[in-house]
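Starting from the two chains in their separate frames, assemble the complex, guided by the hints.
Going line by line, the protein sequences match chains A and B. Just so you know, the first sequence maps onto residues 1 to 249 in UniProt numbering. Just so you know, the second sequence maps onto residues 1 to 300 in UniProt numbering.
Please note: incorrect hints may appear among the correct ones.
[As the list claims (entries may be wrong)] Stretch by stretch, here's where chain A covers chain B in the computed footprint (C-beta under 8 Å, at least three residues):
1) 194 to 200
2) 204 to 212
[Claimed, not checked] 20 Å max Cα-Cα, derived DMTMM-like pairs, lysine to aspartate or glutamate:
3) A:K91 <-> B:D78
4) A:K91 <-> B:E201
5) A:K102 <-> A:D76
6) A:K92 <-> A:E124
7) A:K92 <-> A:E118
8) A:K102 <-> A:D161
9) A:K92 <-> A:E116
10) B:K146 <-> B:D187
11) A:K92 <-> A:D104
12) A:K102 <-> A:E149
13) A:K102 <-> B:D193
14) A:K243 <-> A:E229
15) A:K92 <-> B:D193
16) B:K290 <-> A:E124
17) A:K91 <-> A:E124
18) B:K290 <-> A:E229
19) A:K91 <-> B:D204
20) B:K146 <-> B:E136
21) A:K92 <-> A:D76
22) A:K91 <-> A:E108
23) A:K91 <-> B:D193
24) A:K102 <-> B:E136
Hints are computed from structural coordinates only; laboratory data are not their basis. Remember, it's a predicted structure, so these values are computed and weren't measured experimentally. Don't be surprised by glycine CBs; every beta carbon is placed ideally from N, CA and C.
As a plain string of letters, each chain reads:
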Amino acid sequence: MAQDSRGLKPEPAVRVRGLTRRYGERTILDGVDLDIGRGEFVALLGRSGSGKSTFLRALAGLDHGVPGSGRFEAPDAVSVVFQDARLLPWKKVADNVSLGLKGDIVRERALRALGEVELTARAEAWPMQLSGGEQQRAALARSLVREPELLLLDEPFGALDALTRLRMQALLLDLCARHQPAVLLVTHDVDEAIHLAQRVLVLEQGRFIVDLTIDLPSAPAERELRFAEVRMQLLTSLGVTEKELRRVA
Amino acid sequence: MADLSIATARTGTGSRAKPAGWLRLPSRSAALAEAGETSRRRKRKLGPGPVIPYGAAIGPALLLILWSLGSATGFIDDRILSAPWTVASTGWELIQDGRLQENLWTSFVRSFWGLFWGIVAGASLGVIAGLSRIGEYLVDGPIQIKRAIPALALIPLLMLWFGIGEGMKILTIALITFAPIYIQTHDGLRSTDARFIELAETLDLSNAQFLRHVVLPAALPGFLLGLRFGVTYSWLALVVVEQVNATSGLGYMINLARTYGQTEVIILCLAVYAALGLSSDWLVRLITRKALPWRKILAD
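Next up, chain B with everything else stripped away, as it sits in the complex (with noise of 0.2 Å):
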């Protein structure tokens, strides 16, 4: 309590404050403290200066007012780059007509269910990995010999083994999504820290305790990074698969839409795209400050 108001006191800021022995400060250093409340106080030199509320806005809404302003004034073409209402409109009578819900929801579930067999492979084959020897030597070396072959590059031969349905697209992003999660996993569980190898040996804990007090909860972090990047991932391999073969969903209608010269319809599905991208990174987020609320107190 006491060194605590001296600290402030000394930058000027504790004057209200004050414990007693305080008072009986020579009066110049006293009357410096309450000056300090505005003149000694300097503000920060270095840094990248003050927070504004809702700044992280500034650019993308600079972003669409310069596109407004350039399609109004007919600096932009509109063959090149639709108008921002022009896509609006367009997106409404898409909503309105149902194709825009009916293609994004087709999207949406080969994007789950190619991310939820990713992660399922990846949690699975990570924890074999790394928490034995034998599983590592046996799983290891050909899931990064995989990640060495380009994922594009498998498409062909994923083509001719199963077709160009449903199951082939979702497969191919399981395969694309199941790389992060699995060596993040891996690398979690088998960076466990020693100093608390060393505590769970002093403390006679069994190897399921150890497994489920120590090493799970440690991998935990780097099981939840990879699942961003694997998220992420799921978004591009749609695109991958939705461009290369599909008769419906968003990648279809980016295909058709560029066959007709539709611009807007384009720019709508790339908006379109960016929302999904976005929200699901922030839900990964939201997942991960809950899943760890001891690491909270660190970022507040």
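In isolation and in its complexed conformation, chain A is listed as follows (with noise of 0.2 Å):
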């Protein structure tokens, strides 16, 4: 995915300097720098209260009156994934789907969408009448759908089950493959964060403290290997010791 355009690393998407924002007397984010090339998929990791969807939100324009400093540069499209899929439950999936969007094919393009995240047969349900994870395919779609230069993900698979999620990873970057946005996920499984990601950053106490290129081999054997070493090191940059990891190994 987008790999020529991690030779040349020509403009990027997403150019942040300096970034801090404070809650209260804490330090959320203590001055970031990040670049986000086009196409690039990079996933965010962090403790639960790093601060890693406040930058989240801070790339989105969500955090009106948040004290802080610092600039980014971030395309004019961007959409965002929350958590929870928030469909109007008042609009059928593809009145959700297509909301806000211009133009005069706008319902054609709704119906793509919703074909591409296997979805096309509740078009015309309530979003209530939906599964979670078919929520949260409609929710991708209503992203997908504007066409989007930077895709954020705020933990967008945490409330599925583990056997709708790895399905929904699998969408996901078949969706990032065809349509190729810079994507930041925010997440804190670490082997999603493998799986899906080119690069993957550490937040810890308001900083990145990894910075790491996922370069897994092709072979089957070596690849497994260098799984479990990378899974180790981010595992152990986000503070689990080896002991509770053997525990549970």
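This is how it looks when you write it as structure tokens:
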């Protein structure tokens, strides 16, 4: 996915410089710098309260009134997928997807997007009639129909069961390969981050303490070995002790 | 599909829809599943009990039977409470000479226009206060003060200002009905889910789109709840204005009947009030169901 953009590094899609955000006395983000390339898939890990959601909300422009400084450049076309699907219960699924779209083939575009997430059959259903996975698929369709240059995902699969999550992750990879947005995925799931992203960041005490490019070899045995190494490194940086790891391994 | 049939087989009802895998079950548990049809499904022990068709009519019917029995045996004095058949025959006479319809229509028109202006005022003031901060500062305070004054206490002043004609009656009803509609509409507009406001921001909705697609639909259930209160209050207000001063209408009929000691007419008018109240409430619930189709699936 987007190999060409990594080699040349032209203009990045997102450029963050010295971003600081405070809640009261606590500094959540402490002068953070980050570039995300066009079409690059970045996962952001961090413990609860580490500020990873604060960072995403800052990029989404949703942190009104939170004091702070620094600047960032983000594309005009930004889509956000939240942990809850956030579908308007009084609009049918297709109307939720097309909400706020401009132009005259709005409905066709919405139906096409629903087709991409295999939800065409539920276009005329009410959101409450959908399962959790279906709702989140509709939310994905709503974000992709806008052809975003930057896709912000705030723990999008956190509320789903393990099986549904697996299928959603595969779907997300397909969709990103097709639409090529820059992606920032906020998650607390280390495996998910390694599987999905090309680059994994760890946020700790308001700073990125790890910035790791994921380059798993294609040979299965080596791949598994490297995966375990990366996983161990990330878990350790998240404060999981070796003893704890051995206990559940 | 597979996990569904496992779940139903365990409770003993899915034995007919067994997938192929279940044929290989040990015979004992298969037999258990068959037997479950009758023996293993226990009746629910907790909860209020099973539903009886038209069960809601049992209470009122019982009351009517007791009333009839009491009147027939002479246990209930006819001067205190007329017999049901006396009420029915009086009702028939009043319909035949047209007095009941005439007074009912007068009352209905009063109530209708009072409610109409109450809805118009309540909804528009609710929208003004709900959508803008300045509007809230201007409108909400006076309305809260007005609400603190018992509506009946305003009647003498309204009579001085507007006389005792139809205008004063309609105004009183409107003043009483608009309050719940205003409060619920205002509240509905103000309590739009913050998550949806965020969503609207990320979707770059314009102010107009935000109002149309998010705020107003979110406030609609509140408005309809206010409407339901408003309709109930309109009958209440009607009774009040018609008892105070009127020369026509159901309240006037009741007052006249009291003067002549005609219990059966009073009872008849009360029955008409009950019918009006119940049917208008039913109508509002019907409107609510039609206006909020997405909510119906929750009730089903």
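Consistency of the hints with the structure:
For the region 194 to 200 of chain B, the stated coverage by chain A holds: 5 residues have a C-beta nearer than 8 Å to a C-beta of that chain, and at least 3 were required. Judged by the Cβ-Cβ criterion of 8 Å, the region 204 to 212 of chain B is covered by chain A as claimed, because 3 of its residues qualify and three suffice. Proposed proximity of K91 of chain A and D78 of chain B is contradicted: the alpha carbons are some 59 Å apart, above 20 Å. Distance hint between K91 of chain A and E201 of chain B is fulfilled; the C-alpha atoms sit about 17 Å from each other, no more than 20 Å.
The hinted pair formed by K102 of chain A and D76 of chain A meets the criterion: a straight-line CA distance of about 15 Å does not exceed 20 Å. Among the hinted pairs, K92 of chain A with E124 of chain A is consistent with the structure: their alpha-carbon atoms are about 6 Å apart, no more than 20 Å. Simply put, K92 of chain A and E118 of chain A have alpha-carbon atoms about 16 Å apart, close enough for the 20 Å limit, and the pair holds. About 35 Å separates the Cα atoms of K102 of chain A and D161 of chain A, which puts this hinted pair outside 20 Å; it is violated.
Pair hint K92 of chain A plus E116 of chain A holds up; C-alpha atoms about 18 Å apart against a cutoff of 20 Å. Under the criterion of a C-alpha separation no larger than 20 Å, the hint pairing K146 of chain B with D187 of chain B is consistent with the structure, at around 17 Å. Distance hint between K92 of chain A and D104 of chain A is fulfilled; the C-alpha atoms sit about 19 Å from each other, no more than 20 Å. Straight-line distance between C-alpha atoms of K102 of chain A and E149 of chain A comes to about 17 Å, which keeps the hinted pair within the 20 Å bound.
Restraint check: the Cα-Cα separation between K102 of chain A and D193 of chain B comes to about 24 Å, which exceeds 20 Å; the hinted pair is violated. For the proposed pair K243 of chain A and E229 of chain A, the alpha carbon gap of about 16 Å is at most 20 Å, so the pair holds. Among the hinted pairs, K92 of chain A with D193 of chain B is consistent with the structure: their alpha-carbon atoms are about 18 Å apart, no more than 20 Å. A threshold of 20 Å between alpha carbons decides the hint, and for K290 of chain B with E124 of chain A the separation of about 17 Å falls inside it, so the pair holds.
For the hint linking K91 of chain A to E124 of chain A, the alpha-carbon distance of about 9 Å falls within 20 Å, and the restraint holds. In summary, the hint linking K290 of chain B to E229 of chain A is not supported, as the alpha carbons are separated by about 59 Å, beyond the 20 Å threshold. The hinted pair formed by K91 of chain A and D204 of chain B meets the criterion: a straight-line CA distance of about 18 Å does not exceed 20 Å. Annotation: proposed proximity of K146 of chain B to E136 of chain B holds, straight-line Cα distance about 15 Å (limit 20 Å).
About 27 Å separates the Cα atoms of K92 of chain A and D76 of chain A, which puts this hinted pair outside 20 Å; it is violated. For the given pair, K91 of chain A sits about 17 Å from E108 of chain A by alpha-carbon distance, which is consistent with the 20 Å threshold. Between K91 of chain A and D193 of chain B the alpha-carbon distance is near 15 Å, which keeps this suggested pair within the 20 Å criterion. For the given pair, K102 of chain A sits about 33 Å from E136 of chain B by alpha-carbon distance, which is inconsistent with the 20 Å threshold.
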